[in-house]
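The chain contents come next:
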Amino acid sequence: MANSIKIALAGNPNCGKTTLFNAITGSEQYVGNWPGVTVEKKDGVLRGHKEVVVQDLPGIYSLSPYSTEEKVTRRFLVDENPDAILNIVDGTNIERNLYLSTQLAELGLPMVMAVNMMDVVKKNGDKIDFAKISKALRCEVVGISALKKEGDMEAAEMAVALAKGGERGTGNGERGGGLRKLPDVPHVFSGSVEHAIAHIEESIQGKVPMRSIRWYAIKIFERDREIIRDLGLGVGDMKHIEEHIRDCEKELDDDAESIITNQRYDFIKKLMDKSLALNEKHKNKATLSDRIDKIVTHRFLALPIFILSLCAMWWLAVAENGPGTVLTDWANDEFLADGWHLPFTTHEVDGKDFDAAQEDFAKAEATVKAWEAGEKKASIEDEETGEVSDEWDIDEAAYKAAKEVEEPDPSKYGVWVPGIGALVSAGLEKVGVGETVKSLVVDGAWGGVATVLGFVPVIFIVFLFLAFLEDCGYMARVAFIMDRLLRKFGLSGKSFIPMLIGKGCGVPAVMAARTIENERARRMTVILATFVPCGAKTVIIAMFAALFFREQWYVAALMDVVGIAIIILGGIALKKTRFFAGEAASFVLELPAYHMPTFSGVWHHTWNRLKGYIIKAGLIIFPACVFLWFVMHFDWSLTLLGDEEIEKSILHDLGSWIAWFFSPLGFGSWQGAAASVSAEIAKEQATATLGLVAANMGGATTGANIQAFFASVSAFPKLAALSFMVFNLFVPPCMVAIAVTFREMGSKKWGWFAIAFQLFVGYVLALNAYQLGILFAGGGFGLWTAVALLVDVWCAWMVLRPDRKGGSK
Amino acid sequence: MNVSSAIVVVAVIAFAAFAVWRVLKKGMPCECGSSCCCGGGCYCKDGK
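Line by line, the protein sequences give chains B and C. Oh and the first sequence: position 688 is 688 in this note's numbering, straight run, nothing missing. One gets this note's numbering by counting positions in the second sequence from 1 and adding 1000 to each.
Only chain B is shown next, with the shape it has when bound in the complex (with noise of 0.2 Å):
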């Protein structure tokens, strides 16, 4: 490798690590404004020095091997021997953060401590003495702020320096002083516990790197398994390390690892007092965030705003005449099919504009249908319900006159702008193309990527609204409520990190479960992960609310509560059983100060989430709806078919051999199980194919296709609609996600129970949205009422019996 400079990034979780990695890269990892984002470590390249690799790791309170983290951490400082340590600390906590610090200079490597934040340190008016700290702990010590890339790239570069040296630093604590050698790393501890680790040292010599015995020693002392274990250490040695270790115990009265801990926190303390001068003003005041917490973390109020956010952000996204349903009609309907006008550019012509204007060439149309066929009444059926919105007589003076009647030339009406749907198929008419290429092209590849484009804007708003909780703090505090609700049930909130990580994408959601050291809680957390609608399944929910739910706008927010309720429903009956059982871990979370998100920040990750699903509509949607039109216009004979021959397709037969399968939910057809298949692609295939097999239903467009299609399905069109959403948003994920799940579990018999599980959910929850709905609307008790209600019986048996003690391992 041409590299050969390695500098560790590493620090305690949520402090800022990855905004500096990404900032002194040129990288785009995720940033996530809570602890337990990085997983793994991740490598990048430094800006302006190719020699130079940038390790980020995942964050850490201390080097002690508890959790996946710190293990992670720990074996890269110790086993990898990076040429410097990039310590970041949050100058805000400074205090807390320098347990870990005084842990990492005692590795002996070349450090330099990178207080974060000091933009927010210098607007409360505190001061840090960085030459004290940096004379205490033989490291250099400057000050940066990643989000704003203030001293950044010098502290990255000194790092580079000391690497290249070899040396510990200056320990002046001047930024860009010149480099000096400093002979050893610092003695925190009192003279007995020296005098033991002194001992310690002398029995190690010659089995561990020199820079590095001190740190050894004190994990010696600390009794730490693992590494007395790699180190091989004799009966004979321990005996005597053990006698030193005792003496020390007995003298202060305590544990070694206590010793160790209640010490360091007594340096760090004394070394605060020299070296951090508080504002008085601020000193002993409760902060902003601490009062907004108050109420965001309130025990009664905290669920109800949590909530309420959920409302405001699917309000915006998905209520009529919202933000998003306005700009989704304009993608949906003109931007990517016919076009539109410029706006201030619209007129009428006689008296009327072009919407009435079209009106009148729908029911002329109408008319000249009604009279050719024989009949004295014309009607306009409304293409959701399918009931008549409209009836008149009409007669052969009428039928004259509508045959008289021209469909509106849009460009007669304003500045006309045509939409890509319109471009294209006028483009495929003047090159000659015959009607069923038209139809692979229109219906088929264009008609699924537009269906998934035209819900952009919903997902932006979706995306964006996540993005602004995140950054300005509050995502934390969703999962300090959800921990506090969870524990009460049993579960631990450290697996909310990854459900919420789930609400963009389910693959990282099922990988950030690695963090959970208990491998049932982690299996758990695997299954019950992707219940969270991820991105693509937003798409399934703006569908269809925008097409059955304009006004029931809260049923989108519905769908996310109902997520966050399988999370915990399916948390309690899995812990009830033997494969499960066991106490919930420990969750430490630290809860980021409140701050304006900066607009790059914001956008930075709206976009990134939005340009996955853009370019997932092209290399995704585009080839799989290639592939449907196929399928659905060729027979078994590889005989091309036409538009009314549909029946005797591919397509046409391999879903009605499951379509039973679906017959209790509603949506029982051959579409609806293509539909339903194939959203195991990707999730928003699923709204892309029912365009595609809807396409002809008869409607203008493809909403009133997919209306139209529901509404020859079953008599209760939004029932079907309700419990075909839920169904697609709670069965197991995309193929990707399931990919991953196989991996994490590491075995093919949990793999397959996680997706036999939310299989299960997905389909009795898509029974009771059906069944039980027709019950409610009046259609009737049937015999798949009655199985929905002895289905929910046994849930609530599941989730209600009482706790199993213990379990099998």
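Honestly, the hints are just simulated from the structure, not real lab data. Don't be surprised by glycine CBs; every beta carbon is placed ideally from N, CA and C. Some hints here could point you the wrong way.
Stated by the list, open to error - Using C-beta positions, here's what the derived DEER-type ranges look like: (1) 1014(C) / 393(B): 54 to 64 Å; (2) 1014(C) / 645(B): 26 to 36 Å; (3) 289(B) / 1021(C): 46 to 56 Å; (4) 287(B) / 1014(C): 55 to 65 Å; (5) 1021(C) / 303(B): 39 to 49 Å; (6) 412(B) / 1021(C): 41 to 51 Å; (7) 1021(C) / 287(B): 51 to 61 Å; (8) 599(B) / 1011(C): 39 to 49 Å; (9) 1021(C) / 430(B): 24 to 34 Å; (10) 1014(C) / 303(B): 44 to 54 Å; (11) 1011(C) / 412(B): 27 to 37 Å.
As the list claims (entries may be wrong) - When the alpha-carbon atoms are kept at most 25 Å apart in a straight line, the in silico PhoX-like pairs for lysine-lysine are as follows: (12) 611(B) / 1026(C); (13) 1025(C) / 611(B); (14) 122(B) / 269(B); (15) 148(B) / 50(B); (16) 352(B) / 369(B); (17) 132(B) / 269(B).
Put chain C on the given structure of chain B with help from the hints.
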């Protein structure tokens, strides 16, 4: 089928094949916002 139609069909199939090849090679694009180890490229190949 006329020449124009043939060219359009070949173009559509070629782009679809290219998309499949790219996904197989680089991984699945997703909305993770680079929160998994995809290095900011938004491609998750089996989550690696």
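Contradicted hints - numbers only = none
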